[in-house]
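Asks: Modelling step: build the complete structure from the supplied sequences, incorporating the hints.
There are 2 protein chains.
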Amino acid sequence: MEPESTETVYAGSLIRVVVERWDGRAREIVEPPNAVAVVAVDEEGYVALVQQLREAVRKEVLELPAGGIEPGETPLQCARRELLEETGLRGGTWRHWGGFFTTPGFCRERMELFFAEGVQPGERLEIAGEALTYVRVPVAELTDVLPRIEDGKTLAGLLLYLREAAS
Amino acid sequence: MEPESTETVYAGSLIRVVVERWDGRAREIVEPPNAVAVVAVDEEGYVALVQQLREAVRKEVLELPAGGIEPGETPLQCARRELLEETGLRGGTWRHWGGFFTTPGFCRERMELFFAEGVQPGERLEIAGEALTYVRVPVAELTDVLPRIEDGKTLAGLLLYLREAAS
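Line by line, the protein sequences give chains P and R.
Residues in the first sequence are numbered from 1 upward in steps of one, following the working numbering.
Residues in the second sequence are numbered from 168 upward in steps of one, following the working numbering.
Honestly, the hints are just simulated from the structure, not real lab data.
This structure is a prediction, so every number in the text was calculated from the model and none was measured.
Hints may be right or wrong, so weigh each one.
Said to hold, decoys possible - Using 20 Å as the maximum straight-line C-alpha spacing, the simulated SDA-like pairs for lysine to any residue come out as follows:
no., chain 1, residue 1, chain 2, residue 2
1, P, Lys59, P, Ala165
2, R, Lys226, R, Tyr301
3, P, Lys59, P, Tyr134
4, R, Lys226, P, Glu2
5, R, Lys226, R, Leu292
6, P, Lys59, R, Gly191
7, P, Lys59, R, Leu313
8, P, Lys59, R, Lys226
9, P, Lys59, R, Gly265
10, R, Lys226, P, Arg21
11, R, Lys226, P, Tyr134
12, P, Lys59, R, Tyr301
13, R, Lys226, P, Trp22
14, P, Lys59, R, Glu169
Replies: Right, here's the structure in full:
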């Protein structure tokens, strides 16, 4: 399954845009790095969320810890690194739920989702250019927090975790 | 909440890419049209899904009926149009669940989610360039179908609908 032709029309620092021809029709496709998201529950039964300014949508968004996979990283390594950088949490028992496409209509991004339980607090690494707030929510109160969630991967991840926890 | 500067670095037929400067740092941001997705349940208790080739991810993906909002359309008008075009379903009782960002890290897209119940079958409109298969799934079997879903909005939409239906 390959296009008839591919032309790079924008090559930036984070993303690339290509125009592919399929069956005579042009498709504009965005290529960001692939990504991970983590539902992490600490030893006291709190889920880790992070709130940060998302310039693209002009507001602060409450989300699962997440980020782009760097060259040479496995998805699990990336997930552990992002959780550590954003919250200081480490250790615990990890499971890979699976993955999903965030916007398959025009973008290649695939997001791998992990569940981590029994994670423990530690020192947070400061990352230049990432100003975010670590927010702890008791698992039992997640249902009340859902109406405040405006991020697709966070809705999917929390709802999938709640279903598994209930079964 | 505005950037210090904005430069359009790619203007295509569907998407635009801008580089904004915020607090001295450059952010690459993708601007597709905003979009809608619909969880539609027909009078026989079947949820409507559509399967189509998503060139961006090189595979057939099973998704909620969805699409981009056209100029002059309200989100509800768009949702009714997309459902009609993709499945032939019409009528029914509609509710707006709310909206979420699909990838707020680098993209402005906001997706409005609708629940439509009691929709009725009718003739499907043929849309040039959209080859898709309409798939009906009984609400009671949605849980079994979830592991086959690889699309973020579809996971979020179906799980939100199942929670509301169960409460």
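Asks: With the threshold set at 20 Å, check whether the alpha-carbon distance from Lys226(R) to Arg21(P) stays at or below it.
Replies: Given pair Lys226(R), Arg21(P) holds - Cα atoms ~15 Å apart, limit 20 Å.
Asks: Given the proposed pairing of Lys59(P) with Lys226(R), does the C-alpha separation stay at or below 20 Å?
Replies: With Cα atoms ~33 Å apart, Lys59(P) and Lys226(R) exceed 20 Å; violated.
Asks: Hey, Lys59(P) versus Ala165(P), does the alpha-carbon distance stay inside 20 Å?
Replies: Answer violated: Lys59(P) to Ala165(P) is near 31 Å, above 20 Å.
Asks: Need the status of pair Lys59(P), Gly265(R): alpha-carbon distance at most 20 Å?
Replies: 16 Å, holds
Asks: Next pair to validate is Lys226(R) with Tyr301(R); report whether the Cα-Cα distance is within 20 Å.
Replies: Satisfied, since the Cα-Cα distance of roughly 16 Å is no more than 20 Å.
Asks: Quickly compare the C-alpha distance for Lys226(R) and Glu2(P) to 20 Å and report which way the hint goes.
Replies: 10 Å, holds
Asks: When you check the alpha-carbon spacing of Lys226(R) and Trp22(P), does it fall within 20 Å?
Replies: Status holds; Cα separation ~13 Å.
Asks: Within a Cα-Cα threshold of 20 Å, do Lys59(P) and Tyr134(P) meet the stated pairing?
Replies: 16 Å, holds
Asks: Does the structure keep Lys59(P) and Glu169(R) at a Cα separation of 20 Å or less?
Replies: 10 Å, holds
Asks: Below or equal to 20 Å on CA atoms is what counts here, so check Lys226(R) against Tyr134(P).
Replies: 36 Å, violated
Asks: What's the verdict on Lys59(P) and Leu313(R), does the C-alpha distance respect the 20 Å limit or exceed it?
Replies: 31 Å, violated
Asks: Mind checking the alpha carbons of Lys226(R) and Leu292(R) for me, to see if they're no more than 20 Å apart?
Replies: Not OK: Lys226(R) and Leu292(R) at ~24 Å, beyond 20 Å, violated.
Hint compliance for this structure: hints 1, 5, 7, 8, 11 and 12 are not met, and every other hint is.
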